Each structure stands twice: as structure tokens, then as C-alpha cells.
Amino acid sequence: MSVLPQETTVSANSSTAAAETRAAKLMKRRSRIRFYEIIVWIAAIAAYFVLPSKMLILTEIAILALFAVSLDLVLGFAGIVSLGHTAFFGLGAYVAGLLALHFIAEPVTGLIVAGIVSGLLGLLTSFLILRGSDLTRLMTTLGIGLMMAEIANQMAWLTGGADGLSGFSPGPILGMFEFDLFGKTGYLYCVGVLFIGTMIMRRIAFSPFGLSLKAIKGNPMRSAMVAVPARKRIVTAYTVAAIFAGMAGALLTQTTSFVSPDVLAFHRSADVLLVLVIGGTGYLYGGIFGAILFTLVKDWLSVITPQYWMFYIGLLLVILVMIGRERLSRWVEYLPERFSKKEDR
Amino acid sequence: MLTILFDGIAYGMLLFILACGLTVTLGLMNFINLAHGAFAMAGGYVTVVMMNRYGISFYWCLPAAFLVSALIGLLLERTLYQWLYQASHLDQVLFSIGIVFMAIAATDYFMGGQQQLINLPPELSGRMDVFGVGIGRYRLFTIIICAVLAVALQLILSKTRFGSRLRAAVDDRRVAMGLGINVPLVFALTFAFGSGLAGLGGAMGAEILGLDPNFPLKFMIYFLIVVSVGGTSTVSGPFLAALLLGIADVAGKYYVPAIGPFVIYALMIVMLIVRPNGLFSRGGR
Numbered sequence: 074m075s076v077l078p079q080e081t082t083v084s085a086n087s088s089t090a091a092a093e094t095r096a097a098k099l100m101k102r103r104s105r106i107r108f109y110e111i112i113v114w115i116a117a118i119a120a121y122f123v124l125p126s127k128m129l130i131l132t133e134i135a136i137l138a139l140f141a142v143s144l145d146l147v148l149g150f151a152g153i154v155s156l157g158h159t160a161f162f163g164l165g166a167y168v169a170g171l172l173a174l175h176f177i178a179e180p181v182t183g184l185i186v187a188g189i190v191s192g193l194l195g196l197l198t199s200f201l202i203l204r205g206s207d208l209t210r211l212m213t214t215l216g217i218g219l220m221m222a223e224i225a226n227q228m229a230w231l232t233g234g235a236d237g238l239s240g241f242s243p244g245p246i247l248g249m250f251e252f253d254l255f256g257k258t259g260y261l262y263c264v265g266v267l268f269i270g271t272m273i274m275r276r277i278a279f280s281p282f283g284l285s286l287k288a289i290k291g292n293p294m295r296s297a298m299v300a301v302p303a304r305k306r307i308v309t310a311y312t313v314a315a316i317f318a319g320m321a322g323a324l325l326t327q328t329t330s331f332v333s334p335d336v337l338a339f340h341r342s343a344d345v346l347l348v349l350v351i352g353g354t355g356y357l358y359g360g361i362f363g364a365i366l367f368t369l370v371k372d373w374l375s376v377i378t379p380q381y382w383m384f385y386i387g388l389l390l391v392i393l394v395m396i397g398r399e400r401l402s403r404w405v406e407y408l409p410e411r412f413s414k415k416e417d418r
Numbered sequence: 088m089l090t091i092l093f094d095g096i097a098y099g100m101l102l103f104i105l106a107c108g109l110t111v112t113l114g115l116m117n118f119i120n121l122a123h124g125a126f127a128m129a130g131g132y133v134t135v136v137m138m139n140r141y142g143i144s145f146y147w148c149l150p151a152a153f154l155v156s157a158l159i160g161l162l163l164e165r166t167l168y169q170w171l172y173q174a175s176h177l178d179q180v181l182f183s184i185g186i187v188f189m190a191i192a193a194t195d196y197f198m199g200g201q202q203q204l205i206n207l208p209p210e211l212s213g214r215m216d217v218f219g220v221g222i223g224r225y226r227l228f229t230i231i232i233c234a235v236l237a238v239a240l241q242l243i244l245s246k247t248r249f250g251s252r253l254r255a256a257v258d259d260r261r262v263a264m265g266l267g268i269n270v271p272l273v274f275a276l277t278f279a280f281g282s283g284l285a286g287l288g289g290a291m292g293a294e295i296l297g298l299d300p301n302f303p304l305k306f307m308i309y310f311l312i313v314v315s316v317g318g319t320s321t322v323s324g325p326f327l328a329a330l331l332l333g334i335a336d337v338a339g340k341y342y343v344p345a346i347g348p349f350v351i352y353a354l355m356i357v358m359l360i361v362r363p364n365g366l367f368s369r370g371g372r
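Listed in order, the protein sequences are those of chains A and B. Each residue of the first sequence is one higher than the last, beginning at 74 in this note's numbering. Each residue of the second sequence is one higher than the last, beginning at 88 in this note's numbering.
If we strip away everything but chain A, and leave its shape as in the complex, we get:
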């Protein structure tokens, strides 16, 4: 969330070359590793040693974080409000489960296959979200999510229907690291995938490509005028997000050795939106911060009111919107701007 300096307005007499170097510098500034990013990853590793008894909930956080970060690519950068992001999460979960059940139990292979299959679905459905207004997009994404849930329910011979998939256990990761009873390996595995996934998405989001996505979000007409191919960009972003959402689903399957139809339920799509709202959109790490807070709040609520926690989640949503989302994520701006020394200007 860096504030762009005033000097970026290119004065009329500056040559193209000067403008280019300035633009390159700007891009560099934008993509610089920030202070809080280092903290996040150090904390993730530290949690492994400090909280050995909380591995399961930490794993849950890591999975939700990956899911939310992938949605941020669509929502925060491309500006598409999706109510059906869980379609990809659920598809990934089922693909990983089926693969482990029938073919290979090795998790990384499952992860990659799940990512590819989800990505394909993302690619196919992205052409539908290109059309129409926000409203039609809401309808389409919601429809796709519900359709996937219905398919999982109807194809009971493949997916186990309402009972879900079980009876498989993931093999050792890359043939070397066994999953243990306390979920320690699982946690490290999930954090590893989260790290790699976030880094890849970060590379995408803070590249000129990501900037052009934000341009499309801001004003599709104007971005088309400066020759940004909106349709192509949105298709790409949506597909990439689908891949990582599928991987998050696969992680859930592999760490719990179980797939339930719940992975495709609507409330997951709403949850992940809430996660992003809590953490803030448009800088990827919002997904991670949001996932931590959301999981803790949900865990706490489900202890107090096991049956009616949904009410408080709803209340939280209403309050958040009433207060204003922007005010919430502004705290990140107060953190030290950057990690490295000033070297440009």
C-alpha cells in the first residue's frame, strides 16, 4: 500500500527514455519487499516452534490464507466480485481426494494436478465473467459455485455424494516426509505452499501486468484506450487465481484426509470474502492477515455459540461495511515503509 510520490507526474519536456527509467524505478518501488512481509514469514516459522499444540488450526489458517490470497488477485486487482470462488477450492479438494484414492498418494503431485484441473475450470468459466455488469458477474460466479456443488452431490458414484470422500491417506511428501499425527509436517507443507503461492502471485500482482489489472478495475474504458487488453488480462488473472484456489482445496484434502461436500458450500465463498475484507484487499497479504483473524474469531465464536456463530459472522460483516472497509486495512500503512535502505530516487 505504498503511496505513490508526487514526482511521478512526468513533466512535459522529459524524454521518453527518462520516463521509461522513471517508470522502471516506480515498478521497482512498488514491488519492493516490505517490512511486514518478512515479519509474516518469520512468524509463520516461529509458530511451528512456539505453538506445537496448535498445529491444526495453524494449518487451517495457512490454507484459508492461500485461498484468500488467490481471491485477492481477482477481487483486489481485477476488481471482480466473485461469489463462487469456492468452486475452484472444492474442485481442487475433490481432484486431490480422488487422485489419492485411486492413483497416486503423493501429495505434491496431487497438488499440481488439482491446480491444473481448477485452472482449466477457471479458464473455461472466465469467458462467462467477461460479459455484463457486476450484477451478471455475481450471478455467474454464484451460479458456477452452486453448479459445482450440485454436480458433487449428484455424481455420488464418483464423489461419494453427501457422505464425501474418505478412506485415503496421503503418502509422504515427495516420498521423504511422512505426515505425522500432530500435523507438524502438514503445517510446514501448507506454509511452504502458501509461501511459494504467495510469492508467485506477488510477482504477478506487482508486475506491470498487475498494474494493468488495477487500471482495468479503475476504469475499463480508459484502460482500453491506453491499449490494455482487458479481456485477456481478466482471463489470465482469473485462471491463475483458480489454480491457487484449487491448490488450497487440495491442501485441505491432504491434511485432513477427507473431502466433504462442504468444500463447495456457499458460506465458504462468503467466508473468504469476509477474510479479505478483514485483511484488506489489493495487496495480497490482506488474505493472510484476514485468515489469521477470521479463523481465530470463528474458532472463538464456535466455542461460545456452536450453532449460531453464523449470526455473529453476519453481524461482523454488517459492522465492517458500516464502519468502512478502508479504515480497517489502513494500519498497514503505518508500518515501516520498507525493509531495505533507500537506494533510489
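Treat the hints as calculated values from the structure; they're not laboratory data. Hints may contain errors.
[What the hints assert, rightly or not] Okay, derived cross-link-like pairs now, SDA-like style, lysine to any residue, Cα gap no bigger than 25 Å in a straight line:
hint	chain 1	residue 1	chain 2	residue 2
1	B	305	A	208
2	A	127	A	385
3	B	340	A	233
4	B	305	A	382
5	B	305	A	206
6	B	305	B	117
7	A	127	A	206
8	A	98	A	108
9	B	305	A	240
10	B	305	A	228
11	A	287	B	246
12	A	305	B	340
13	B	340	A	223
14	A	127	A	110
15	A	287	A	304
16	A	305	B	356
17	A	287	B	352
18	A	101	A	290
19	B	340	B	352
20	B	340	A	226
21	B	305	A	290
22	A	305	A	113
23	B	246	B	263
24	A	290	B	171
25	B	340	B	223
26	B	305	B	237
27	A	257	A	113
28	B	340	A	338
Owing to the predicted nature of the structure, the values given are computational and were not obtained by experimental measurement.
Chain A is fixed; fit chain B onto it per the hints.
Leaving out everything else, chain B in the frame of chain A:
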């Protein structure tokens, strides 16, 4: 065959009554209100409570459902919704999902999670044969009421002073205010009226659609399809869209039960490809 068509029409009419309030909020005020189903559910539960606990006649329950939902709508509009007319669509979506969640949990808490049943008055239950077509009496009743409402709605919008005020307020809020139209009042009344209609739809649909706490979520997609396929600028657009959706859904579930639930999604996708801006979009908007 004709029976299915008839059932489909009844179902579609019901969807129209449920969704037309949303057409108004969405098309006219540009507010994406996913919580619309919650108002419908409120109307349904009002009917259930009045009939089953206090034994009040079904015919009195319908206006009561309308009034209660409209009052809830008015209250929420004044306290919460009105601050969000200018907010981004994401905010509106999040806010209304929050409302849906609260409504679901609250209903579950007060009424329990089971399906609610209502006993229709005897003259409305059962079927009768008209020229060899089996016609459910209640469905006929639904069709008549909904048709009357649809016509009335169209007339109100196009012929009355309130209708023209509303259209003016929607077309250009600032100019309308400049002309001395009390835009917030018009919006509040419209919102309340739309919520009331949803409540009425929920009350009438309790028999056909079923009623349980998950009602708002279950029918959210239907409302969205009706509104986005039908377009938001007319009454007739959503009306035809609702009819089409109702017939397609009923026919799909009857003829091909295995893929029945997918018929509406397929319809949605086809519509989107053929007419991305709605079935009867007014060009240029």
C-alpha cells in the same frame, strides 16, 4: 404436459412476485441487495406463525405478511441501507450477505431449522380438472394474484404520480431533487414496497417453494437470474424472465430429474452468451 406448463407458470409467477422488489432496488436504486430473500422469508414465517400458532385465516395472513415485511424493509432502509446507496458494489454485497447470515441464524434460533408447513384452507387445496388438464387450485390462486399484482405494478410505475417520481429519481437523482421530489422518501417507500412484495411472495410460496431458514440462500440465485436476465429497466422483462425460469425449472425437474437442477444454470449461461445485457435491455445503459 399442460399441467407441467401450468405448474411452471405458477412457479414463475411466484418468482416474479418474489423478485420484482429486487428489480426495483437493483435496477432503480442500483443497490445489489442479496438479502432480498430474507424479506421473503420473513413474510413466510409471519404466515406460519399466524396460521399455526394463532389459527388466523390464510387470507388475513397474506396482507399481514406484506405489511410486516414492508415494515422491516422500511426500518432497515432507514437505519442501514440508505447509507450504502453510494457505496461500492463489493460493500453492498458484503453487507447484504451479512444480513442474510443474521437472518438465517436468527430464524434458526427462534423457529428451529425444520421445514415449516402450512395448512391451506380446503377450498384452495386439491386439484380440479379443466378440459382434461389437472390444475392445482392453489396454483391457480397464485397465478391470479400474481397476475393482478403484475398488472397493478406496471400501472403504478407508468401511470401514477408516484411512479413518475420514482422514475425521475432513478434517472437523475440530482435533477429530481432539484424539482422538489423528496428522493429519499421515494426510495424508502419503494424499498418498503419491494420488501413487502417479497414477503407476500414468501407467504404464498411457503406451500410451493418450501420454507426453512436457508430460504434466502437457496433462492438467491433465482432472484439474481430473474433480475439480470430480465433486465432492470422494465416490469415486463423480469416478468417474462421469471416465467421462463419457472417453466424451465419445473419441466427440467420433471422430465430429466437427473440433470434437473442444472437446467436453470444452463439457461443462465445461454442467456448470458446470447443477451449479455439482459433479455430486454434498453439500449445504451
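Against the structure, the hints:
no.: 1; hint: 305(B) / 208(A); result: holds, 18 Å
no.: 2; hint: 127(A) / 385(A); result: holds, 24 Å
no.: 3; hint: 340(B) / 233(A); result: holds, 22 Å
no.: 4; hint: 305(B) / 382(A); result: holds, 20 Å
no.: 5; hint: 305(B) / 206(A); result: holds, 23 Å
no.: 6; hint: 305(B) / 117(B); result: holds, 23 Å
no.: 7; hint: 127(A) / 206(A); result: violated, 43 Å
no.: 8; hint: 98(A) / 108(A); result: holds, 19 Å
no.: 9; hint: 305(B) / 240(A); result: violated, 31 Å
no.: 10; hint: 305(B) / 228(A); result: holds, 20 Å
no.: 11; hint: 287(A) / 246(B); result: violated, 45 Å
no.: 12; hint: 305(A) / 340(B); result: violated, 37 Å
no.: 13; hint: 340(B) / 223(A); result: holds, 14 Å
no.: 14; hint: 127(A) / 110(A); result: holds, 22 Å
no.: 15; hint: 287(A) / 304(A); result: holds, 13 Å
no.: 16; hint: 305(A) / 356(B); result: holds, 20 Å
no.: 17; hint: 287(A) / 352(B); result: violated, 30 Å
no.: 18; hint: 101(A) / 290(A); result: holds, 22 Å
no.: 19; hint: 340(B) / 352(B); result: holds, 13 Å
no.: 20; hint: 340(B) / 226(A); result: holds, 16 Å
no.: 21; hint: 305(B) / 290(A); result: violated, 30 Å
no.: 22; hint: 305(A) / 113(A); result: violated, 33 Å
no.: 23; hint: 246(B) / 263(B); result: holds, 18 Å
no.: 24; hint: 290(A) / 171(B); result: holds, 20 Å
no.: 25; hint: 340(B) / 223(B); result: holds, 18 Å
no.: 26; hint: 305(B) / 237(B); result: holds, 24 Å
no.: 27; hint: 257(A) / 113(A); result: holds, 19 Å
no.: 28; hint: 340(B) / 338(A); result: holds, 22 Å
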